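Visitor: Residues per chain are reported as follows:
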Amino acid sequence: MASSAQPNPLAPSLSLERDATGQSVVRVSGAWNLRAIGPVAPVLRRQLAAYTGDLQWDLSGVTRFYHAGAMMLWHAWGKRRAGQVEMRAKHDSFFTHIETGPTVASRYKRQPERRRPLWVAGRSVVTLGMHIIQVVALLGSVSLVFLKTLRHPSRLPWKEISANVYRTGAQALGITALVACHFGLCIEPNGESLGVGTTNSVVAAITIVIIADACFTIVFSHVGIS
Amino acid sequence: MDTTDDCVIDIRNLWTQFGAQVVHRDLNLRVYRGEVMSLVGGPGSGKSTLLREMLGLEHPTRGEVRVFGVSLHDGDPVALRQLRDCWGMLFQEGALFSALTVFENVALPLREMKALDEDIIHDLVMLKLDMVGIERGHASKMPSSLSGGMVKRIALARAVARTGVAVSR
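First to last, the sequence lines map onto chains A and H. The numbers in the first sequence follow my numbering, run straight up by one, and end at 760. The numbers in the second sequence follow my numbering, run straight up by one, and end at 222.
Everything labelled a hint here was simulated from the structure, so no lab data went into it. A quick note: this is a predicted structure, and the numbers were derived from the prediction, not measured. Quick reminder that beta carbons are idealized off the backbone N, C-alpha and C, glycines included. Heads up, a few of these hints could be off.
[Unchecked claim] The calculated label-pair distances, taken between Cβ atoms and stated as ranges, are:
1. A:Gly612 x H:Gly186: 27 to 33 Å
2. A:Leu681 x H:Ser197: 39 to 45 Å
3. A:Leu550 x H:Gly186: 38 to 44 Å
4. A:Gly595 x H:Met184: 22 to 28 Å
5. H:Ser197 x A:Ala711: 50 to 56 Å
6. H:Leu161 x A:Gly617: 32 to 38 Å
[Claimed, not checked] Which bits of chain A does chain H cover? Going by a derived footprint, with three or more residues having C-beta under 8 Å, they are:
7. 558-570
8. 591-602
9. 628-635
Required output: the full structure, derived from the provided sequences and hints.
Guide: Structure below.
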């Protein structure tokens with residue numbers, strides 16, 4: 535029943551042997567910290583589950599030890615010390631810590647499952663209410679600004695609006711021409727081939743859009759910009 | 054005490070330079086197993102930079118940083134990733150996940166390893182919380198309902214959940 539041998543001397547390993555008196559001894563060796571346990575955890579779990587009954591445990595071959603390893607052995611022993619255990623004093627302190635710790639007491643539960651739907655529904659109602667309040671507040675705020683604008687239209691920043699439209703128009707000339715080119719391609723009535731008709735429609739669309747954009751820009755430059 | 058086995062962090066001839074500004078000039082530092090070390094210095098003196106270099110998040114201009122005997126800056130990302138399992142990081146503000154309970158925050162690094170049964174993880178988390186002086190009654194609480202000191206303690210429990218080595222900033 536001896537376990538598979540581990541090629542890496544640092545890897546945690548278990549092996550069942552018989553001593554001179556014929557007593558079964560589980561020899562625990564290697565590093566028993568979480569990093570070392572990780573890659574071979576399924577193997578160790580299977581072995582630990584198989585090693586039941588009146589066994590002697592020898593942990594003197596353990597090179598590194600930490601709570602994760604101690605807890606694995608603790609659980610394999612039935613959440614108590616095994617009857618016969620041999621280990622180093624510094625490793626014993628981990629088990630002492632576990633024995634005196636709070637682990638065997640009450641179990642942690644996040645929320646009883648039966649309350650979850652009610653809790654979710656309640657939170658949804660509250661969230662919906664908060665959203666309604668925020669929407670009403672936003673609409674009220676917009677309405678007040680709108681009314682104020684209607685009552686005093688002269689206070690609107692016309693010049694700034696005009697400047698922005700002018701700047702946008704001037705900057706957008708290139709991209710507008712490009713979009714117009716695509717429009718021209720799309721609206722070409724016989725679009726299956728790029729013939730004379732296509733070229734005409736592209737040129738026409740670009741010309742129209744550029745003229746419109748230029749007119750728009752010129753108008754706004756005279757209206758708003760000093 | 055001056056043995057390689059006991060030396061966890063070994064910094065040799067470290068130079069860190071940002072443009073013309075030299076932050077670390079030929080720095081040599083060793084941190085041994087079981088040792089608690091604090092870095093004290095004024096703003097901009099390079100404390101955080103040194104920590105980031107110790108964690109392999111930043112490269113020094115010159116010199117070498119070895120943690121557990123492994124060089125952090127020799128360009129082997131696999132080795133660095135494996136090495137990062139050996140330490141935990143404790144952030145100044147705790148940096149707990151606000152959507153997770155205290156228990157789930159501490160359990161997260163253990164669950165990430167996918168090596169332990171849920172029963173063992175439960176007991177390990179309770180043990181770690183006990184080690185930092187947090188009563189088990191707080192395990193189901195959300196971080197928003199905790200005091201600053203408790204957040205720090207729980208962050209410490211999370212940092213040492215996998216390993217006993219914690220780096221704090």
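Visitor: Decide, hint by hint, whether the structure agrees.
Guide: Results for each hint:
no., hint, verdict
1, A:Gly612 x H:Gly186: 27 to 33 Å, "holds (29 Å)"
2, A:Leu681 x H:Ser197: 39 to 45 Å, "holds (41 Å)"
3, A:Leu550 x H:Gly186: 38 to 44 Å, "holds (40 Å)"
4, A:Gly595 x H:Met184: 22 to 28 Å, "holds (27 Å)"
5, H:Ser197 x A:Ala711: 50 to 56 Å, "holds (55 Å)"
6, H:Leu161 x A:Gly617: 32 to 38 Å, "holds (36 Å)"
7, 558-570, "holds (count 3)"
8, 591-602, "holds (count 3)"
9, 628-635, "holds (count 3)"
Violated hints are absent here; each numbered hint is respected by the structure.
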